[in-house]
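Q: Using the sequences and the hints, build the whole thing.
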Amino acid sequence: MKRKRFFRLYDTKFEPYFYVHARGAPGEAREEAAKISMLVNGESIAPSRTELVEKLLLGKPVQLVKVFCKHPTHVRMLRERAKALGTVYEADLPFARRYLIDKGLTPFYSLEFKRKGKEIAELLSSSPTHELKLRSLAFDIETYNPKGSPRPEKDPMVMLSYADEESGVITYKQIPLPFVKTVAGEKQLLEEFSRLVKERDVELLLGYNDVAFDLPYLKERAKATGASLILGRDGKSSFRTQSRGLFSYAKIKGRLHADIYAVAKFLSLIGALKTKRITLGEVFSEMFGEEKKTVKKQDIWRLWDGGEEDLKTLAEYSLHDAIATKRIADEVLPLEFELSKLAGASLQEVCGATTGQLVEMLLWREAHNQNRVVPNKPDADEVRARENAPVQGAYVKLPEAGIYEGLAVFDFRGMYPSIIISHNIDMDTLNCDDCTDAEKHVSPLGHKFCSKRKGLIPSVLERLIDERDRLKKELKKHAPDSAEYKPLFARSQALKILSNSFYGFLLYSRSRWYSRPCGESVTSYGRQYIQDTIRKAEEAGFHVLYSDTDSIVMQLSGKTKEEALAFMKAINAALPGRMELELEAFYPRGVFVGKKLSGAKAEVGAKKKYALIGEDGRIKIRGFELVRRDWSRVARHTQQRILEAILKEGSKEKAAEIVRGVIQDLREGRVKLEDCVIYTQIRKSLKNYAITSPEVAAAQKAIKAGIPVEVGTLVGYVVTKKGKSISEKAQLVELAEDYDPNYYIDHQVLPAVMKIMKELGYEESDLKGEGKQSRLGSW
DNA sequence: TAATTCGCTAGACCGA
DNA sequence: TCGGTCTAGCGAA
Numbered sequence: 068m069k070r071k072r073f074f075r076l077y078d079t080k081f082e083p084y085f086y087v088h089a090r091g092a093p094g095e096a097r098e099e100a101a102k103i104s105m106l107v108n109g110e111s112i113a114p115s116r117t118e119l120v121e122k123l124l125l126g127k128p129v130q131l132v133k134v135f136c137k138h139p140t141h142v143r144m145l146r147e148r149a150k151a152l153g154t155v156y157e158a159d160l161p162f163a164r165r166y167l168i169d170k171g172l173t174p175f176y177s178l179e180f181k182r183k184g185k186e187i188a189e190l191l192s193s194s195p196t197h198e199l200k201l202r203s204l205a206f207d208i209e210t211y212n213p214k215g216s217p218r219p220e221k222d223p224m225v226m227l228s229y230a231d232e233e234s235g236v237i238t239y240k241q242i243p244l245p246f247v248k249t250v251a252g253e254k255q256l257l258e259e260f261s262r263l264v265k266e267r268d269v270e271l272l273l274g275y276n277d278v279a280f281d282l283p284y285l286k287e288r289a290k291a292t293g294a295s296l297i298l299g300r301d302g303k304s305s306f307r308t309q310s311r312g313l314f315s316y317a318k319i320k321g322r323l324h325a326d327i328y329a330v331a332k333f334l335s336l337i338g339a340l341k342t343k344r345i346t347l348g349e350v351f352s353e354m355f356g357e358e359k360k361t362v363k364k365q366d367i368w369r370l371w372d373g374g375e376e377d378l379k380t381l382a383e384y385s386l387h388d389a390i391a392t393k394r395i396a397d398e399v400l401p402l403e404f405e406l407s408k409l410a411g412a413s414l415q416e417v418c419g420a421t422t423g424q425l426v427e428m429l430l431w432r433e434a435h436n437q438n439r440v441v442p443n444k445p446d447a448d449e450v451r452a453r454e455n456a457p458v459q460g461a462y463v464k465l466p467e468a469g470i471y472e473g474l475a476v477f478d479f480r481g482m483y484p485s486i487i488i489s490h491n492i493d494m495d496t497l498n499c500d501d502c503t504d505a506e507k508h509v510s511p512l513g514h515k516f517c518s519k520r521k522g523l524i525p526s527v528l529e530r531l532i533d534e535r536d537r538l539k540k541e542l543k544k545h546a547p548d549s550a551e552y553k554p555l556f557a558r559s560q561a562l563k564i565l566s567n568s569f570y571g572f573l574l575y576s577r578s579r580w581y582s583r584p585c586g587e588s589v590t591s592y593g594r595q596y597i598q599d600t601i602r603k604a605e606e607a608g609f610h611v612l613y614s615d616t617d618s619i620v621m622q623l624s625g626k627t628k629e630e631a632l633a634f635m636k637a638i639n640a641a642l643p644g645r646m647e648l649e650l651e652a653f654y655p656r657g658v659f660v661g662k663k664l665s666g667a668k669a670e671v672g673a674k675k676k677y678a679l680i681g682e683d684g685r686i687k688i689r690g691f692e693l694v695r696r697d698w699s700r701v702a703r704h705t706q707q708r709i710l711e712a713i714l715k716e717g718s719k720e721k722a723a724e725i726v727r728g729v730i731q732d733l734r735e736g737r738v739k740l741e742d743c744v745i746y747t748q749i750r751k752s753l754k755n756y757a758i759t760s761p762e763v764a765a766a767q768k769a770i771k772a773g774i775p776v777e778v779g780t781l782v783g784y785v786v787t788k789k790g791k792s793i794s795e796k797a798q799l800v801e802l803a804e805d806y807d808p809n810y811y812i813d814h815q816v817l818p819a820v821m822k823i824m825k826e827l828g829y830e831e832s833d834l835k836g837e838g839k840q841s842r843l844g845s846w
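One gets the working numbering by counting positions in the first sequence from 1 and adding 67 to each.
No lab work stands behind these hints: they were computed from the structure. Hints may be right or wrong, so weigh each one.
[Said to hold, decoys possible] Below are the SDA-like pairs computed for lysine to any residue, each with C-alpha atoms no more than 20 angstroms apart in a straight line: (1) K675 - V476; (2) K789 - Y810; (3) K170 - F74; (4) K320 - L465; (5) K771 - T787; (6) K721 - D833; (7) K687 - E454.
A: As structure tokens, this is what we get:
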């Protein structure tokens, strides 16, 4: 039997609908609903039929009127009239997803069905596809912009590069390189691309920021040159963009599309990608440790106007952009395929969707399967009320500054998800009628959750976590570089991302499943578990140095590792449900530092700031300046070196020498300018800042010099010698001619380093080489 | 127009 | 010129 992967099918029997929870008697409301009608452009619009159905609303069965519509667009119109009868539900779900949910269909699953002509007669089964190999093509364009910013209606496109197994460049100048194909002109270039997409029968088109740039540019140029740009499999359409909040995605008929920039942005948001900027070059070198060929955007037109060597440079650069996009895509798309399967939404919807959106997509599907009504989105007043009522979060124990030896770190595995599952925390199980008060789970704040009937969120979370546990076992059977490993790992990652997002979703002000009692119950249970564990550790004779949310750092205090593990076992024996304390690792040595003092207060320890060295010599660093991008490299690097000297070698003298050396280098101008750059993001419009901070001042000067700074720009600035305040001295690195050594000594290196050196008995003057190097007690 | 709270730190700003 | 307060960004979990 021949299997077709693309098939146009119709299901004309499926009707769009929404629900009404009537204020009055459901039977009467049904009759009223049937009579709804409105006139739109001379056409009378009315429900096709109505039904009474029983669904669960907040966990309790209710009778709802199900209003069927003749056309998807009628849902939006008729729901407004239906509001007179009661509360309208599920009237804001995109029709395509409504269909997938109701039919139990999932993207990337294979499907068996019976058909009559082009009509679906019967859906038989659907199952996950294993090896999913799509014919993909990455592309990138170069444009001729002598005036700086691109003007798509005027500035032509000069090159288009593409990459899959083979890669190449299409252009309209002769360039003697084997991968370059030369056509007659820009019009022919566009048509050659259309032909390429068709000929290769591309199933998945890939770009980097192409939804915002390349695709619209192609369309504009097709219009300007009279070229026909055909990307769709129907042989006539190009593409459409669908806007979704701040983001947009592209739809190409019969082909999938993924904007890898959106994927990179998502990965950056959840912390899986740690580049300063989300440019193709930075993402590429972060992932593969190789540099990408680069050409400055403003130089492209000059290279195009230049000689043969310039053209070669441009073509190579262009080619490499397409190849880089393809390689990044190969790396990140397995995760997106899994997210698409889990959330039950198309690849283009899922690429770049936030965790909140993914959770909502998944819950909507599961709510349907459990016959629950999906709650509505909150209105603006409700959103504001929620934002103004934050809940108490996690407990963080104050550490005492010092250098310690013989440490053990334990943490609760997936603490918040485990709490939600173990205590059945859900808006539907809150104050239920299914069990007695004595049987209920009672949170430390007194909220009561059902112990008999599982809620929507706990049931979904449990399924995700069970599957992830199974996958983790499965993963151990395969080598990390084997073909089997990659998709399994991607699925495990997708499950982790989703399950860690549920707690946030409970307290997210625009969430359909927002519940303050649920959210604050989760954190209150969390505080209770961790504080109980700390108390029991102390009772068992360990000294707990520090704790944050779900983890504790304790000193063995003369006890053995085995005794520490026995303690863990005892804790676990008393924990309910899925709650579990795990050993993170043993650490021979660790540093906790003091907080910066304000005024003459006594020294206190700093939370969220420590460094531990593992038995394997690896250092775990949290919160220090060296992990922060808004500190200069000279400060970060110096801090790192002294931490290593202290933790690895236990040598305070070496640490002191390092600091003295760097200070000398700064004084004598041996530190490179690029090591003095401080990166800070401009997060709002410049005029909205109440305070002119250094990065804002640098941005203002940059704009005057003709360098654009938009919202979201990461400004790299240097504190120069010229000016009085720091803001006056701050200049964009591109505009900076020198740096102020005193600033980098007193405001960067020393503050970063002194927090640690103080624990070793050093004073600032000991390192600046001014004062006496005295009274250095031993430790 | 799409997850949370807790916490540290800087530099500007402001009043005495 | 000082010390306190405020704004803002980024990181931990």
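Q: Do the alpha carbons of K721 and D833 lie within 20 angstroms of each other, as the hint requires?
A: Holds, at roughly 13 angstroms.
Q: Is K675 close enough to V476, meaning Cα to Cα at most 20 angstroms?
A: Status holds; Cα separation ~15 angstroms.
Q: Does the structure keep K771 and T787 at a Cα separation of 20 angstroms or less?
A: Holds, because 18 angstroms separates the two Cα atoms, which is no more than 20 angstroms.
Q: For K687 and E454, compute the direct alpha-carbon distance and say whether it is at most 20 angstroms.
A: Answer violated: K687 to E454 is near 35 angstroms, above 20 angstroms.
Q: Does the structure keep K320 and L465 at a Cα separation of 20 angstroms or less?
A: Violated, at roughly 58 angstroms.
Q: Can you confirm whether the C-alpha distance between K170 and F74 stays at or below 20 angstroms?
A: Holds, at about 17 angstroms.
Q: K789 and Y810: Cα distance at most 20 angstroms?
A: Holds: K789 and Y810 sit about 12 angstroms apart, inside 20 angstroms.
Hint compliance for this structure: hints 4 and 7 are broken, all remaining hints hold.
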